[in-house]
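J.: Protein sequences, first through last, are from chains A and B.
Following our numbering, the numbering of the first sequence begins with 746 at its first residue and continues without gaps.
Following our numbering, the numbering of the second sequence begins with 344 at its first residue and continues without gaps.
Hint data in this document are derived by calculation from the structure and do not stem from the laboratory.
Check each hint, because a few of them may be wrong.
Looking from chain A toward chain B, a few residues come up when the C-beta cut is under 10 Å (computed) [stated by the list, open to error]:
no., residue
1, Glu806
2, Ser832
3, Leu896
Here are the computed lysine-lysine pairs in the DSBU-like style, where the Cα-Cα straight-line distance is at most 35 Å [said to hold, decoys possible]:
no., chain 1, residue 1, chain 2, residue 2
4, B, Lys351, A, Lys885
5, B, Lys501, A, Lys885
6, A, Lys885, B, Lys359
7, A, Lys831, B, Lys351
8, B, Lys512, A, Lys831
9, B, Lys535, A, Lys885
10, A, Lys885, B, Lys512
11, A, Lys885, B, Lys400
Output of the computed footprint for chain B on chain A, the stretches with three or more beta carbons under 8 Å from beta carbons of chain B [claimed, not checked]:
no., segment
12, 760-772
13, 881-894
Here a beta-carbon is modelled for each residue, glycine too, at the ideal position from N, C-alpha and C.
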Amino acid sequence: MAKVIFTVGDDISTDIIYPGRYMATVLPSETPQFAFIDDPEFNGRLLSTDEPQARAIVAGENFGCGSSREQAVSTLKGHEVVIVAKSIARIFLQNAVNLGLDIVIAPNIEASTGDELEISENQAINKTTGQSFEIVPLPKSRQEIIEAGGLIPFTRTRLLAG
Amino acid sequence: MSMTIVEKILAKAAGKSALKPGDVVEPRIDLAMSHENGALVINQFLQIYEGTPLEPKVWDASKIAIIFDHRVPAESPKTASNQKKVREFVREQFIGKFHDIRGDVGGICHQILPESGYVRPGCVVVGTDSHTTSHGALGAFSFGIGATEMASVWALGKALNVEVPATIKVIVTGEFPEFVGPKDLILHLIGKISAQGANFRVIEFHGDTIRKMSTSGRLVICNMSVEAGATAGIVPADDETVRYLKEEAGVEDSLEMVFPDADAEYDELIEIDVSKLEPQIACPHTVDNVKSIDEVHGTAIHQVVIGSCTNGRLDDLEMAASMIRGKKVSQNTRMLVFPASGRIYSQALGKGLIGDFMTAGALVMNPGCGPCLGIHEGALGDGEVALSTTNRNFKGRMGNPTAAVYLCSPAVAAASAVTGVITDPRKGDN
Ligand code: SF4
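Please build the complete structure, drawing on both the sequences and the hints.
T.: Here's what the structure looks like:
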């Protein structure tokens, strides 16, 4: 079960998730504090220790569009949060798979802040409203990377195999 | 089996005879480009080798390009230290295509790659920058990836798990009216199909208008294809591509052209006639919020920016200078000009354009990304409005989440700098 800590609309760009001015910060471990930093409320909820460990952000279409900056993924990855979006932009999706950020594509998802989501392989159930939403599974090529624990171990294995 | 141009390029790079959308391949990479974010790529690259007996070594140092452009010269000790780390890595690994902070061979990565002759028709190019789509202008399949994926490319020389994208064929016909050009065309297309209209697909450009377009213009439309969500934009190579590579980029070896099959299958067909196109403006805060200039003319602007990997090339500066020569930048605004590379800066200097700008009151800055992504120079004040020839207007893009950015062509930007309000360059009222 994951609690929705906030919801966002369509076309949320990486400039919103992780503003360009913090891009000199490159180490993934240093990035979490800057998630949604231009929105003090969202940033506060992500950083708050009062919120439950299992959290979700619910987004509209084309989440993560714009820049290829990987910090937009590592900043969220530092927060034990699942992103449930109607659709996800290509580079963000690939970066999320590569770094192991928990993402779920549910094209019809409806949820409000505070709702509880139960996410299984095929569906996301909004326990608060009782509605359930279909999940589009990631293609097999991407699941392989997730199963390997991300692109770094995946590449390492390939490299060692020659 | 008939194929689109990207299917053909990928088939060759992956050693397959035929491919269709959805197939998964591991293409070999011809060019792997990074900028300052090379610092993060290095971090991820070294992690791949952790706990293995292998020495971290890039697969082919001659195929890696690193260009400093996002924060040049460094705006903070942190950036300077990242750049230092990259410089050391470049030296250790003998990376050949390195462009440091220099006035001769420095500049924005998406200008340096074409002008240095690094990109050829039929190549597979990856870059840790979303506007890597630019290089489709030379008939290459060129797309943006993240830093970890680049680390994997550095190690293996190929991209893993690439899904063959479907292709949209865009046919552009008609002659551009005066003061209307490639930027207006691509803004119009993005407005028409939306910021997600080409998600996970390639846009292949065809038609008389494209055949007559210079490489500079093709770079504009491929650059901004990503703003419609496209994996890549691509213009099949032709005589103009050969001319550009030989005459402007100094390429001497023979070029291998790749063309789509005449009966290739496309996911969607879009036809555009530009002969009646008006100057287009992308309004805050999404690139697909596109309007014709008459809907927004008269909007007060506090900063005009001319430059970036979209519109910081010589023809853009020539157009802007012609609008402002003998006039003055309005007291109500400020105008910043960022040539896309040192070479363009020198060419503009030779043509007297830099003098035209300075005399008019515009400030000509060093080549680089400048204010485009709001981390360096030219940030906006609270509530201010900018009119810019760059490619993104997301909230906060120019460094201030309370500011607003409009996107336009160099002609509109320069005409508006004179009046201090968004102005139609065709009306001659500036
Ligand atoms: S000019 Fe702007 S869009 Fe182009 S590479 Fe630089 S930051 Fe990115």
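J.: For B:Lys351 and A:Lys885, compute the direct alpha-carbon distance and say whether it is at most 35 Å.
T.: holds (23 Å)
J.: Given the proposed pairing of A:Lys831 with B:Lys351, does the C-alpha separation stay at or below 35 Å?
T.: holds (32 Å)
J.: Taking 35 Å as the top limit, are the C-alpha atoms of B:Lys512 and A:Lys831 close enough?
T.: holds (26 Å)
J.: Given the proposed pairing of A:Lys885 with B:Lys359, does the C-alpha separation stay at or below 35 Å?
T.: Judged against 35 Å, a Cα distance of about 20 Å means the pair holds.
J.: Mind checking the CB of A:Ser832 against every CB in chain B and telling me if the closest is under 10 Å?
T.: holds (7 Å)
J.: Take the C-alpha atoms of A:Lys885 and B:Lys512, compute the straight-line distance between them, and say whether it is at most 35 Å.
T.: Holds, at about 28 Å.
J.: Given that the segment 760-772 of chain A was listed as covered by chain B, double-check it with a C-beta distance under 8 Å for 3 or more residues.
T.: holds (count 10)
J.: Using 10 Å as the Cβ threshold, decide whether A:Glu806 counts as touching chain B.
T.: Since chain B brings a Cβ to about 6 Å from A:Glu806, closer than 10 Å, the hint holds.
J.: Are B:Lys501 and A:Lys885 close enough, with their CA atoms no more than 35 Å apart?
T.: It holds: about 19 Å lies between the C-alpha atoms, which stays within 35 Å.
J.: Examine the segment 881-894 of chain A for residues whose CB is less than 8 Å from any CB of chain B, and state whether their number is three or more.
T.: Since 6 is at least three, the answer is holds.
J.: Holds or violated: B:Lys535 and A:Lys885, Cα atoms, limit 35 Å.
T.: holds (33 Å)
J.: At a threshold of 10 Å, is the proposed contact between A:Leu896 and chain B supported by beta-carbon distances?
T.: holds (5 Å)
Taken one by one, the earlier hints all hold for this structure without exception.
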